[in-house]
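Same order as they appear, the protein sequences are chains A, B, C, D and E. Heads up: the first sequence at position 378 corresponds to 378 in the working numbering, and the numbers run straight through without jumps. Heads up: the second sequence at position 263 corresponds to 263 in the working numbering, and the numbers run straight through without jumps. Heads up: the third sequence at position 88 corresponds to 88 in the working numbering, and the numbers run straight through without jumps. Heads up: the fourth sequence at position 179 corresponds to 179 in the working numbering, and the numbers run straight through without jumps. Heads up: the fifth sequence at position 198 corresponds to 198 in the working numbering, and the numbers run straight through without jumps.
Source of the hints: derived by calculation from the structure; they are not laboratory data.
Simulated pairs of lysine-lysine, DSBU-like, Cα-Cα distance not exceeding 30 Å:
1) Lys96/D - Lys175/D
2) Lys454/A - Lys437/A
3) Lys247/A - Lys411/A
4) Lys143/E - Lys182/B
5) Lys118/C - Lys454/A
6) Lys182/B - Lys162/E
7) Lys471/A - Lys115/C
8) Lys455/A - Lys118/C
9) Lys159/A - Lys411/A
10) Lys143/E - Lys175/D
11) Lys437/A - Lys137/C
Please read these numbers as outputs of a predicted model, since none were measured by experiment.
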Amino acid sequence: MGFRDLIADFKLQWGVHPDGHKSLTSERPIESMPLPERLVLPLAQHIGAPARPVVAPGERVLRGQRLAEPVGMVSSAVHAPTSGRIADIGDYPVPHPSGLAAAALVLLPDGLDEPVAFEPCEDPHSLEADEIARRVAAGGVVGLGGATFPAAVKLGLGKRNPVHTLLLNGGECEPYLSCDDRTMRERPQAVVDGARLMARALGAQAVVIGIERNKPAAIAAVQLAASGHPEVSVRALPVRYPMGSEKQLVAYLTGVEVPAGGLSAEVGVVVHNVGTAAEVSRVLRTGEPLTHRALTVSGAAISRPANLRVAIGTSVADIIAHCGGVRRDVARYVMGGPMMGMLLPGTDVPVVKGSSGVLSLTSEEAGGGSASACIRCARCAGVCPIGLQPFEMAARIRAGRAEAAVDLGLKDCIGCGSCAYTCPAKIPLSHYFSYAKGSLAAAERSRLKNESIKKLTAARSERLAREAREKAEAAARRKAEREAAKRRAAEAAAGEAAEERREVPQVSA
Amino acid sequence: MTTPVHAPHAHDGGSVGRVMRLVMLALLPVTLWGFYLFGWPAIWLWLITVGSAMLFELVCLRVSGRGGPTILRDGSAALAGWLLALTLPPWSPWWIAVIGSFVAICIAKHAYGGLGQNPFNPAMVARVALLISFPLEMTQWVAPAPLFSGTGPDAIEALERLLFSSPIPDALTSATLLGHVKTEASRGVDLLASVPSFGAAAADGIGRHAGSIGETGSWLILAGGLFLISRRVIGWHVPVAVLAGLCVPAMLAHGLDPAHHLSARHHLFAGAAMLGAFFIATDLVTSPATVTGRLLYGLAIGFLSWVIRSFAGFPEGFAFAVLLMNACVPIIDRFTRPRIYGHGATDGRAA
Amino acid sequence: MLIAVTSLTLIATCLGLILGIAARRFHVEPPELVSELEAMLPGSQCGQCGFPGCNGAAEALADGLAPVTLCPPGGPALALALADKLGVQVELGAMGEREPTIAAVREDICIGCTKCFKECPTDAIHGAMKQMHSVMKEACTGCGKCAEICPTEAVTLVPVAATLGNWRWREPAFA
Amino acid sequence: MSDYRKILRDGLWDNNMIAGQLLAMCPAMAVTASATNGLGMGLATTAVLVASNTLVSSVRHLVPSAVRIPIFIVLIASLVTLVDLSLNAWLHELYKVLGLFIALIVVNCGILGRAESFASKSKLAHSAVDGLAMGIGFTLMMVAIGAVREVLGSGTLFAQASLLLGPAFAFLELKLFDGGALLMVLPPGGFLVLGGLLAAKRALEAGRQRRGVVVAQSA
Amino acid sequence: MIGNHSLERLRPTIPFQAAMLALTVMLASAALGLADRATRQPIADAVAADTRTSLAQVLPTDSYDNDPTDDVIDARDGDVPVAVHVARKGGVPTAVVIATRARGYGGEIGLVVGISRGERVLGVRITRHAETPGLGDKIEIAKSDWVTSFAGRHLADPEPAKWAVRKDGGAFDQFAGATITPRAVVAAVKRSLELYRREHATWFALRKPS
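Just chain A, with the same shape it has in the complex:
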């Protein structure tokens, strides 16, 4: 730990030190979990538009076959983790705090695990930048740290902004989780290789891998793997939450802040997770898409905490059964880490690409308890990594003034949960901010709808007016025609009469 690190550590004012609970799983190697009887593959496992299915129910699919294709710029494909039959395409429970169902493919494995023909690549480092991004996209890789942003889209950022540095996030600051730690210890070569490939795609000259100091084995392993590559360096990070947040990582490792509302690429930095790097290396070298991921199964209630490599689509219930079930009353099942993860409404939801952990927490672990009045102790402000004043924002939101909370920086909140973790009054601060962000988004949606409705109304009244005008014109025309016809008829009649008179002047009535 150098002098520069010491200074940087001293200057860090923010963050909390939650009990890590890492020892539950950190010494358990990643084991492969056998395939379950059924896989549920949601079409939206990433940020962006849901993928569009390209297979039909009843169809037999092979391992690695593309089941759904990306739609639009920001989207990602879904592949079959094994061979089997598509049983259904419909709405199934997905990991989401609402407990709502969403579109998903159901795959019944046939046990043959028959693969499609993959295209391995001997030397991916010779590929063009665009080709690397294309293959990453084809492999359906998304950010595995939990943000699930399509990795290829992020690799394209180098085109718009000059990116000089790729940061690999090996912080894994969330308590309990150790799958990134295990990945770095077990596959350091893949991590470094993937990082170098991504740096190539981005046009970045340097790769910095940041790893929290509480993972000395991972630091050593990755340092060894990086030793042959001068552009790759490993930096130890102070142990505190949320060190692994992109903005904090960028500020700590580069000394530059990401501008509010902007992307890190604007300051020449792109951040990827170490797990994503390992997958990128694998996808490029073997040609096999992303269909499995490593995750941590932990919590005091689980019988056998473990790190597992599971097929995407495996249900949480299957995973818990595989780990020997629970041995105590479970207060909450959480997907992801306890600080930012989501409470699962049930265990019949599948693991998705962004699932970094499945936690079975007892009530002692989960904290909770009813909220009391804010005593303005400002601990929340002290721990906020962004420099917000959560108590003040929550007070405004409680008073029904979400827009006033925006003035205090609501939109800069990264939702790390440090404030709520440390609040002695147990005020659900993060919940308030999600609520306010949601209602602001809803207000924005309704404003947009309002505007479009206004246009529709205007179009309708214009149409009605036009129709009325046309009707009137038509009527006028018809009337004119009628009258003209009448006149003509009259004239004709008169003419005829005259004729007749001329012809038969002798006739009289």
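Keeping the supplied structure of chain A fixed, place chains B, C, D and E upon it in accordance with the hints.
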């Protein structure tokens, strides 16, 4: 379907009640020392103040429909009463305690919306209201009459004294150092004469002189305050700033004109500076939320107390200084808001 | 005394002249609040606010007779904008968590009479004579005029289905 | 008739100058250390208010809008000075109690407020009654604030009332106890009592509204 | 009189506005002038009656037959201007009342000190003060009879060193909680006695201005 619960699914285990209990624990040594020094009247007074504060809290919670007796367990009412008791003349009659508790809990706290909503420190509002309303009773100080020494009344006598507000025997009345020098100065006796005439015990920090419980045992208060800082219940910023704001001008003025300005040592140990710096000014609800703000706030409180003690009509100015600065807290908070990450960006590299 | 009276009167005359001129010089026409407000409203004349059309609602708003939350189709965004315009405070909570609704056509009862889509202020119902009508979700304001006029009660208002896209966190319960 | 009822109701309760419009805070704080002072100030203000309302209403058709405020101010200030001089000359004892505060009536925004918002738009009789109603409402509030402050602060009620109303009213003067909380007769006491009274008024109205709702529901 | 119709036409014109304001001011100032004229005498009488009452409180009724209100000499006590009212019986000065002031806790205290030809205090009354209610205001005769403790005192009774409040080692009570107020009053009374001793010859030599 279960109702969605938002992350985080973990908590550091702290609670409001725990915060209050730690503060009470820190107050315990000086309170016991005060009980010893001023005897049974002080014990009864403390009991009545704390008890009536809790009673008023209960009544206010009931009336406003904000909750029942369980809320009492957070200890905030008891703590407000406790702090108030430490600032009263130890032999005050019962109704001083009850009216003080009423003002602290019903007016200064619940009229503003209860715990966390009050802009002014309840104990200080109560003390100032009492001081202005009942200047006679609030300046009736007694010299220490320690328990078991036979100088003070026993438990029963003390209770009678408390309930029937019998006058304090002349032999026991005394003045605080700050009060003494103020009166002397008003008849033209300067500090060089008036400080020695008060006695040597004025500023040894042990408190064997007249004053409220919170004005005596300064060392014990300091120890309690350091305990709170070590347990991270309060930050170091406010106490340090308060003491600096008080001592620096005191030292300068004393150096220039020792005949008319007390030394920093007297300012620190003769009045309520320690209690104020560690237990009053640090009140979470009524102090600023930012580090810069807390430093400013503390400095201003210290400086204002020095100004009031030195130039105003009242011998002790801490309560007034705290209330004045309480009123400034929203402005301080507003102008010392921390910079939000990514705003007003620092383009230059930090390290 | 006469001098005092005279001089005061003179001063008053001068001041009166100055004030009179200033009043004319700095005269400002009050802005047409009603028309500005009307321009902000959706203009679909749906009548859900209880006033005769958006113009009536705008007048009521300008006179302070209606809350800024009066317009369900406008939603909280409109309420905020109106509150801003009128300089009043708005409690969005007071808009009530009224479930937004849209029209739905029950296919088994619809006789394809076209009455509803002639009535629809936003042209959100499509269809033709003797054919099934369908509702465009994006355009429907849930005003209910179609349901009122439908001869077979085939058009009903149903709550907008919750999806992952429109789901949001509710306000935390607070003890 | 209902016009007058509404005017009275407005002045006495709904739109009470102190408790409803929160005007005239200066006299409400400065003069109410005792009930008697409040009463005297209230009566003097009522007199000015009735006179100014009547006067303003009677000239309302003549006054051009550009100069109406200066004209109203001149009228009110003259009336107050007249009251001041008359009290000093013929009710000297009372003047010694109230003298300092009489001049304050000029800046009593409530009076200009009534002239501007009511008398300049209403007919003579209505304006006079409005002045009276507002004045009485003001007086009642002043006496209420004064009474609370006096009882809590000095332990007396209507002390020196005979000075104001004549010896016949000496029976009003009560002495309840010795001493009292000085705070109440000092300026902060005025704020405290006013706050308390405002809260009480709101609580009353809220209670009435709630009961009204209950009645409407059960009906 | 202008008809309603032409009034409507006239009202928006600038000269009319100026004229209306001028007219109002003229009438108002005239009314005030008249009122001032009418009340000047009654007010002067009332003020004189006030002074007479307070003088009467510190002068024995049978000690004078003139009107000391009018029999006044402007003097100075150091830098404090004082008014000296002379009471005479049959043209012979019998006593004086010195209207002086002292600096109290809440500002200036006005007091009248009646002094007999024998240099004894006939009486002391406070005419105005702004002392703290309940504490310093006990100098008022209405609140406490403390102020009567001066009656019959003399510069030698108590001895000069004892002309102070008890707290300062003197002979006069202070009130609990307030020292500054009584201290100021005691000092002012003492000063008045000294002033009388120094100056009374000069005062009595002056003829009453007729």
